[in-house]
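Numbering (the numbering used here), first residue to last: 1 to 464.
Keep in mind that the hints were calculated from the coordinates and are not lab data.
Hints may be right or wrong, so weigh each one.
Straight-line alpha carbon distances no greater than 20 Å define the calculated SDA-like cross-link-like pairs of lysine to any residue that follow [what the hints assert, rightly or not]:
#, residue 1, residue 2
1, Lys69, Asp316
2, Lys463, Leu365
3, Lys12, Gln141
4, Lys69, Ser307
Simulated DEER-style distance windows between Cβ atoms [claimed, not checked]:
#, residue 1, residue 2, range
5, Gln241, Glu78, 47 to 55 Å
6, Pro45, Arg22, 30 to 38 Å
7, Glu78, Pro387, 46 to 54 Å
8, Pro83, His201, 44 to 52 Å
9, Asp55, Glu370, 31 to 39 Å
10, Thr4, Pro387, 44 to 52 Å
All residues carry an ideal CB built from backbone N, CA and C; glycine is no exception.
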Amino acid sequence: MFRTWNLYRAAKAVRHAQRLSRPEMLALQERRWRALAHRVFATSPFYRRRLAGLDLDCCALSDIPVLTKAELLAHWDEIVSDPRLKWDALHEYLHDPRNWGRLYHGRWMVSMTSGTSGAAIPIPHEITAVDWNNAVYAVRQHPEAGKQAASPSLFFNRRPVVAALVCSSAPTVSASMVATRPLIGSLMCDYRPINVTSPWHEIIDHLHQIRPTVIAGYASLVGRLAQAKLDGTLRLELPAQGGAIVTGGDSLTPGIRSLCRQAFGIEPLNGYGCGETLGIARQWQGMEHMAVFEDMVVFEAVERDESESPSGTLSDHALATPLMDTALPLLRYRIDDRVRFGPPQEGWPFKAILELSGRGNMTYLFSVPEKLVFVGTQLLSVMEYQPLVALYQFCQTGPSTLEGRFVLQPGAEASAVQPGLEASIRQCLNEGGCSKVSYQVKFVQHLEADPRTGKVEQNVPFKG
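Build the full structure now, drawing on both the sequences and the hints.
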């Protein structure tokens, strides 16, 4: 009953927020981050030191120092807001798979980051904050902010069936979100989790059994499913009315969008978030770009010196301040993704994300024999202008060698693509100071997913 009431309150507040004017939205956001700052000052020894000397009623958000991942790792036990939350205790709790998806002390959803960008971190989320996140996804599905999405039928055989492609072989956020869904949510929507680290034929078989109306999961996996639909391996039709593809967790590239349109006749909807913050932005029906959940999170685009990025430019990195979650409070938490904001879509008070770069970004360390550092984002930028390439992956195969693996759009010929692709990659490496790095272009039928996460990583540095 508590969660039902919390969901009702959250949905009401979410619906109200999306009808605000832009100035009213910013005022609501400011009230919430100030309230969060006051609360963490009272409960967190780390923030009591960090915020000392600031007038939390008058200071600007930019007056609060940035929190890095290294600081989060070093001070985790002092940052959390409850003495029952301890790093060692949560590691021990998650060591037992029976606890994955269970609420810790009946209050916190606990998961673990993947560790692909550094050390894995245990992340507790207040279940009330999780329900606010659930409310956002339930309410904001109409292309106009002032209108509600149609309520799903309560007749069980007419509920939308969602194939939730999650990594359930580890205590991931995606799997935990599905496992902790409130009972009332199951009355409205039938979620069927599929473990993305299962053998490929099992994933296909599960989809054939479920016959979903909605597919939700990693963009890279959705791209591979679209391939399977086009080659006849996947025999699944999504309905014209009510059918949807929603992605998150990695980059929804132009190539994947094109494959989905060809295979399912549906434009996929993009999403963005991370394990530490939950959802940050989502593309809804009728939107060209993702809109930031600005009533739920402050999301800043900043330069290398942490100053605000000029309007319309791609930032050096981003800062996130989740507003509803106090379990592991994050004030201006650094995220190494680059973002370019745009104005709100007409009728909505939330700013749009016009460009997002760096998701799954990795850094290559080459030796030729001098040591060179090359950022993988530069290679991904090249791929934005390769319309005949559907899927791609760059893999460092040695200290001074790089291999590009490419899946072409149906009907495209390798001979037509290879010369321009090779020239663009060579130019990109040269401009990055890596003229001595050799590379190879390789065309393949499909790309293999990382067995730990189920994602197809776009940059794979050398592991030797």
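Between Thr4 and Pro387, does the C-beta distance stay in 44 to 52 Å?
-> Taking Cβ atoms as reference, Thr4 and Pro387 lie about 48 Å apart, which means the hint holds.
Range agreement (Cβ of Arg22 with Cβ of Pro45, hint 30 to 38 Å) = The hinted range 30 to 38 Å holds for Pro45 and Arg22, with Cβ atoms some 37 Å apart.
Please work out if Lys12 and Gln141 have their alpha carbons no farther apart than 20 Å.
-> With Cα atoms ~15 Å apart, Lys12 and Gln141 stay inside 20 Å; holds.
Look at the Cβ atoms of Glu78 and Pro387 and judge whether their distance stays inside 46 to 54 Å.
-> holds (50 Å)
Assess, step by step, whether the Cα of Lys69 is no farther than 20 Å from the Cα of Asp316, and give holds or violated.
-> With a Cα-Cα distance of about 16 Å, the restraint between Lys69 and Asp316 holds, given a limit of 20 Å.
Take a look at whether the Cβ-Cβ distance between Pro83 and His201 falls inside 44 to 52 Å.
-> holds (48 Å)
Can the restraint linking Lys463 and Leu365 be considered satisfied, given a maximum Cα separation of 20 Å?
-> Holds - the C-alpha atoms of Leu365 and Lys463 are around 10 Å apart, at most 20 Å.
Distance restraint evaluation - Asp55, Glu370, Cβ atoms, bounds 31 to 39 Å = Since the Cβ atoms of Asp55 and Glu370 sit about 51 Å apart, the hinted range of 31 to 39 Å is violated.
Is the straight-line distance between the alpha-carbon of Lys69 and that of Ser307 20 Å or less?
-> With a Cα-Cα distance of about 19 Å, the restraint between Lys69 and Ser307 holds, given a limit of 20 Å.
Between Gln241 and Glu78, is the Cβ distance one that fits in 47 to 55 Å?
-> For Gln241 and Glu78 the Cβ distance comes to about 52 Å; the hint holds.
In summary, the structure is inconsistent with hint 9 from the numbered list given earlier, while agreeing with all the others.
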